[in-house]
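Following the hints, position chain S against chain U.
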Amino acid sequence: MTETSQSTENGRKPHGGSLMTLSKRTARRNAAEKRFQIYGIAAIAVGLLMLIILVSTIVSRGVGAYSQTFVTLQVELLESKLDKSGTRDLEKIKKVSTFGYAPLIKNAFSVKLEELGIQSELSAKEQAAILSKSAPAQLRDYVIANPDKIGETIEFRFLANGRVDGYMKGRVSRESIANDKSINAEQLDFVDILVVNDVIEKTFNLDFITGADASDQRPEAAGMGVSMIGSLFMMLVVLALALPIGVAASIYLEEFAPQNWLTDVIEVNISNLAAVPSIVFGILGLAVFINYMHLPTSAPLVGGLVLTLMTLPTIIISTRASLKSVPPSIRDAALGVGASKMQAVFHHVLPLAAPGILTGTIIGLAQALGETAPLLLIGMVGFIASNAPDSLASGLMSPNSAMPAQIYEWAKRADPAFYERAWGGIIILLVFLITMNTVAVILRRRFERRW
Amino acid sequence: MPTLWLVVLLFALAAVGFVLGRSRALATAGGDARALHSLPTYYGLNVALSALVPALGVLAIWVLAQPILIETRVSGMIPDELIPEGTTRGLVMSDVRRVADGLDEAVRQGSLTKSEADNLRSDATDVRARLGEVGVALGSDVRPEVLTAAQQFRRMTTTGNIAMIVVIGMLAAGGLAFAYTRTNKDFRARNVVEQGVLALLILAASLAILTTVGIVLSMLFETLNFFKLHPWTDFFFGSTWAPNFRGDSELSILPLLWGTLYISFLALLVAVPIGLFAAIYLSEYANRHTRAFAKPLLEILAGIPTIVYGLFALLTVGPALVKVFGRGEDGLLGVDWMTGATSVLTAGVVMGIMLIPFVSSLSDDIINAVPQAMRDGSLGLGATKSETVRQVVLPAALPGIVGAVLLAASRAIGETMIVVMGAGAIAKFSLNPLESMTTITTRIVSQLTGDTDFASPETLVAFALGLTLFVLTLGLNVLALYIVRTYREQYE
Numbered sequence: 001m002t003e004t005s006q007s008t009e010n011g012r013k014p015h016g017g018s019l020m021t022l023s024k025r026t027a028r029r030n031a032a033e034k035r036f037q038i039y040g041i042a043a044i045a046v047g048l049l050m051l052i053i054l055v056s057t058i059v060s061r062g063v064g065a066y067s068q069t070f071v072t073l074q075v076e077l078l079e080s081k082l083d084k085s086g087t088r089d090l091e092k093i094k095k096v097s098t099f100g101y102a103p104l105i106k107n108a109f110s111v112k113l114e115e116l117g118i119q120s121e122l123s124a125k126e127q128a129a130i131l132s133k134s135a136p137a138q139l140r141d142y143v144i145a146n147p148d149k150i151g152e153t154i155e156f157r158f159l160a161n162g163r164v165d166g167y168m169k170g171r172v173s174r175e176s177i178a179n180d181k182s183i184n185a186e187q188l189d190f191v192d193i194l195v196v197n198d199v200i201e202k203t204f205n206l207d208f209i210t211g212a213d214a215s216d217q218r219p220e221a222a223g224m225g226v227s228m229i230g231s232l233f234m235m236l237v238v239l240a241l242a243l244p245i246g247v248a249a250s251i252y253l254e255e256f257a258p259q260n261w262l263t264d265v266i267e268v269n270i271s272n273l274a275a276v277p278s279i280v281f282g283i284l285g286l287a288v289f290i291n292y293m294h295l296p297t298s299a300p301l302v303g304g305l306v307l308t309l310m311t312l313p314t315i316i317i318s319t320r321a322s323l324k325s326v327p328p329s330i331r332d333a334a335l336g337v338g339a340s341k342m343q344a345v346f347h348h349v350l351p352l353a354a355p356g357i358l359t360g361t362i363i364g365l366a367q368a369l370g371e372t373a374p375l376l377l378i379g380m381v382g383f384i385a386s387n388a389p390d391s392l393a394s395g396l397m398s399p400n401s402a403m404p405a406q407i408y409e410w411a412k413r414a415d416p417a418f419y420e421r422a423w424g425g426i427i428i429l430l431v432f433l434i435t436m437n438t439v440a441v442i443l444r445r446r447f448e449r450r451w
Numbered sequence: 001m002p003t004l005w006l007v008v009l010l011f012a013l014a015a016v017g018f019v020l021g022r023s024r025a026l027a028t029a030g031g032d033a034r035a036l037h038s039l040p041t042y043y044g045l046n047v048a049l050s051a052l053v054p055a056l057g058v059l060a061i062w063v064l065a066q067p068i069l070i071e072t073r074v075s076g077m078i079p080d081e082l083i084p085e086g087t088t089r090g091l092v093m094s095d096v097r098r099v100a101d102g103l104d105e106a107v108r109q110g111s112l113t114k115s116e117a118d119n120l121r122s123d124a125t126d127v128r129a130r131l132g133e134v135g136v137a138l139g140s141d142v143r144p145e146v147l148t149a150a151q152q153f154r155r156m157t158t159t160g161n162i163a164m165i166v167v168i169g170m171l172a173a174g175g176l177a178f179a180y181t182r183t184n185k186d187f188r189a190r191n192v193v194e195q196g197v198l199a200l201l202i203l204a205a206s207l208a209i210l211t212t213v214g215i216v217l218s219m220l221f222e223t224l225n226f227f228k229l230h231p232w233t234d235f236f237f238g239s240t241w242a243p244n245f246r247g248d249s250e251l252s253i254l255p256l257l258w259g260t261l262y263i264s265f266l267a268l269l270v271a272v273p274i275g276l277f278a279a280i281y282l283s284e285y286a287n288r289h290t291r292a293f294a295k296p297l298l299e300i301l302a303g304i305p306t307i308v309y310g311l312f313a314l315l316t317v318g319p320a321l322v323k324v325f326g327r328g329e330d331g332l333l334g335v336d337w338m339t340g341a342t343s344v345l346t347a348g349v350v351m352g353i354m355l356i357p358f359v360s361s362l363s364d365d366i367i368n369a370v371p372q373a374m375r376d377g378s379l380g381l382g383a384t385k386s387e388t389v390r391q392v393v394l395p396a397a398l399p400g401i402v403g404a405v406l407l408a409a410s411r412a413i414g415e416t417m418i419v420v421m422g423a424g425a426i427a428k429f430s431l432n433p434l435e436s437m438t439t440i441t442t443r444i445v446s447q448l449t450g451d452t453d454f455a456s457p458e459t460l461v462a463f464a465l466g467l468t469l470f471v472l473t474l475g476l477n478v479l480a481l482y483i484v485r486t487y488r489e490q491y492e
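So the sequences go chain by chain: U and S. This note's numbering puts the last residue of the first sequence at 451; the count rises by one with no breaks. This note's numbering puts the last residue of the second sequence at 492; the count rises by one with no breaks.
Extracted from the complex, chain S is given alone in its bound form:
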């Protein structure tokens, strides 16, 4: 882990810089801090930051860029005709990486010397067996061009790491020296340091943009790869979801979307009435004590991790529903409509429970924002409290409540653990809530866990699903915000 040590070294250098800068500033002022432009600390900070920040920044970029550069260079060395039928360049490159890692491991464990690893020849040594000894299992025998590429890969990585240490070290030392020489009693250290800190603050704030860009780009690239391997018409307009690893999968999002929307609809059917009535009661009827008691308790439901709800669905609600709707004569209703514990109803009900506090606390805020004068006016005209709520308060709060429901819907669509554990794995169009169905998030999890091959459409489809999910939830959120902003009644 040379990078980690490099970072530690940089921080140590910065600490030294701090002491040096501070003492030099004091020395130029003849030991009298009043003669300095800034407080002595700022001179120290200036030197420390000049040593640390540029070096760390370049280090971050280097760590990100080096693998791609090496990858493209090494990948370019393998001629097209040497890539076997039925595989891709990406697969060969992953072999190369594995062999290179294996050689590293062998050198680390001492079963190969450094020069042996560099000069190994696949016709002279059984590389696979040698690597097997140190615990690196390879799928097939190592072909000569893969071995050469792997050795080249190692060589370039080593060179790159050495170059990185040298460049970063020089940059840090240079920054330190530059700031140190500039340090004298008239240097405006505070202004410089504050500008630097401001730049860092902006950088931290921009991370939000970077994350969004990262999300979109990472999914977009893989989605494009997916559409190169699989027709987009099938993805958007097909009717079947049937992945298989023989290569003739049908991967359509529509059945998954149906399952997702159906479960979300059931969840909202549970959460919206309960949440809304709870909010109305708490804000219009309940006295202070009831409110102080019931509101936090309801909000506990929102703080429970989704894995708990998932387990609850799988092991408690599902079997309970089977007891009611299944088992034929042994069941409570004597019917045999439900066979397994996983079903749309199971997931929908549990997700509804999870969303109750979400709907109720959002609606509560919105109802409380309706001015008291409107209630007083309505009550003064002789309306009862419930008439006031229905005819005055709710219409005034309606845009906000619609926004809250849309936000809850977006939560329901993106929810993962409850549907992974409670909804089942069968993709189909059906109206029967007692059947098990599958959702977008469930399929993302199942396509991306276990042994995945990032060159097959069956794996890459998960990225297309993820992007659709992202767009869907983002759209709902934007719509919710838009409705709230546009139709909100302006009081005061």
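Same shape as in the complex, but just chain U:
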């Protein structure tokens, strides 16, 4: 009791109550503690939620690009339309334009309807309009490749029009096409009938992965294949240039560089380049490689060069880290048995650092693969990448697109059917990135040595 009275004398209030009950102040502090923790958990939850939303959006909106609506029809390749002379002269057959093939498709529809016993009020033209605009071209290509088939009846699988495809996937409804001139509700009824009769079906769409981009009128025919090849060539350039240059620069800086102003300047430059916005590298590429050196616009070679400059700092930084992690005793031992400094580095340090260098390179490549902004400036967008290159030189020098640039191109187009393609393209891009990063992680786990 004396202690209590003493503190009262000092003018301070007694604490009151026992230690077992929580004072107000303690309760407040505990509540603050709780709140603080909740903020932290909430922050992480928001971050993870964003990731979940992002991934689920990509998957749910992109998966549609991997299935496609096809219309199966038996087309009679009428000799009277395709080869009037009957000579099977390829030059003459080639003279028949895609317009000449349109009646065959209309015929095929009426034959099919008769066979199924369906009455349709649609005109033949409206019936044929549920097919992609590429259908006559598909017929023509076939006939030119097989002129001897003229006169026979062949079964074809035509791409359905983008709107019909959207209807089959639930993207297009009767309400949404109220103001759409390219398709009307009767045509959708017609589609429903054909679906019941198994003429129209939705199947896996391999063409999206292997095919080329199509014109902005035909979303149903667009694919990622050619732009994937463009990306592949760019990555080849990046790998061929950035890896040797980056490793050489790191070896110099880590093993040989004396402490002088030149080394300082190089170090400062590398750390600054790592933080330069990617679009600035695009400007550099445009000014130096295209305007000054007159390399061809839109060529994967130029894209690769720009991305090389961009990836170099990443590779140099990770290579230096892995060179640094090799203990000095390895170098000392090599020097001790008579190796020169160069031999010690190239024969002993470098092989031991190789897994780390490889990991860094793969991560750098993944970064370069997803980069878009510099590619816009050197012209890897804005045209239709329709032909796969036929040789290494043309792969490097002839215009092409790249995966991210192709996605951007689709996102800009007016027809919403292209958005599905863009999301689908992102799935492919992410699959590549995830694979590369997984390989990098596995390499690190498998080969990393702790000294």
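One thing to keep in mind: the hints can contain errors.
In silico lysine to any residue, SDA-like type, Cα no more than 25 angstroms apart, as pairs [as the list claims (entries may be wrong)]: (1) S:Lys323 - U:Val55; (2) U:Lys324 - S:Val484; (3) U:Lys24 - S:Ala383; (4) U:Lys324 - S:Leu198; (5) U:Lys169 - U:Leu54; (6) U:Lys34 - U:Ser23; (7) U:Lys34 - S:Thr384; (8) S:Lys185 - U:His347; (9) S:Lys228 - U:Asn291; (10) S:Lys323 - U:Ser56; (11) U:Lys34 - S:Ser361; (12) U:Lys125 - U:Arg140; (13) U:Lys106 - U:Gln74; (14) S:Lys323 - U:Leu54; (15) S:Lys323 - U:Arg171.
No lab work stands behind these hints: they were computed from the structure.
For chain S alone, kept in the frame of chain U given last:
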């Protein structure tokens, strides 16, 4: 592509040199490698490198220099009075290049013979039609002086290419012969090769400097050209961004800078609190399992390409925001504040999401660097964990965190795809985050894509914008480093 074949040839020569050098060294030692100064491989490498490196170096310089030399010579041949009113020498020269390329193409396709191409006369032949046949479209008829210049251009290019092949070939052969004759058993091949390799290593390291110089110079020259055509006062102090191709554009950076800073500010408003709290929780509270689970997942956000975020902004976040803030009666709030999917808020929020892992992993490292003794001291005095974090750990980590935020700001300012797709194209000063605004990077992309004419201020302004962007981000990075270095508490 003669250059490519030349390079292949050089490598083949180097391979031959390697074999020759190695066998000659062994021969001088009478087949006994122990009598050699260096390992036999080094003699081979010495010959190969002597053949390859000087030739490749000269080739690189030649390929860079030849176009400029030819360009200035040909351009000097066109008298001033023949340059039509309203165009510049640069435009005439681009015509010349196009005609020259067209002639090359025609010769390649066989529609013209070599001598025909050299002796073509514009008054005798319709050059435009002839070139049109081989798929080279020209904007106007070819004037005689352009044709002559183009023919001269072709002649000089051909001469230059032949001279290049001869010089490079001689250089390679000379290097090979020189190194080969020097090869004998007492020659210190290893020392020479190692010095050469060291020089190559230095060269590779210097490429970083070269890139920076390239960036600065390429933008500086075009920026100077821009300021010759357009008053710099308007660029820095004007108030309107209104490019048009009639020639009376107003090109001021200020509205763009405003849009850029506004969007970046919103992005930081999202990223800094979330990133910082996530970092604090992960480093101070979370147990090992949570950390091992949440940290990599958060970092996935940093590995997603920006094009994905751009698409997310344009097609998901933008329409969602419109649903909330727009559409009048049909909207969630029943207001009509937002008309299109692109807005400052759209871009800002998405960019903020992108920056969360950037802020959190940088802050995480910094918080972890604060010594445990300081926490223990604070906890020992009776502070709760959150009091320790707020009053001990954060003040100690503050310089590092400020540095991290500045780095994130520099990322936000230089970010391109998200704003290109999510921010819109209207340059204005406005505080309303639901309006669409434009940024520096967006304008660089739009001024430099499509058909560009590198003699008009509307195109060249992109270089001035790029240089400003470069200086801005560089300044922020240097400032961040400076703050971290100067105010970092030194422990241990």
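Unsatisfied constraints (hint numbers, rising): Violated: none.
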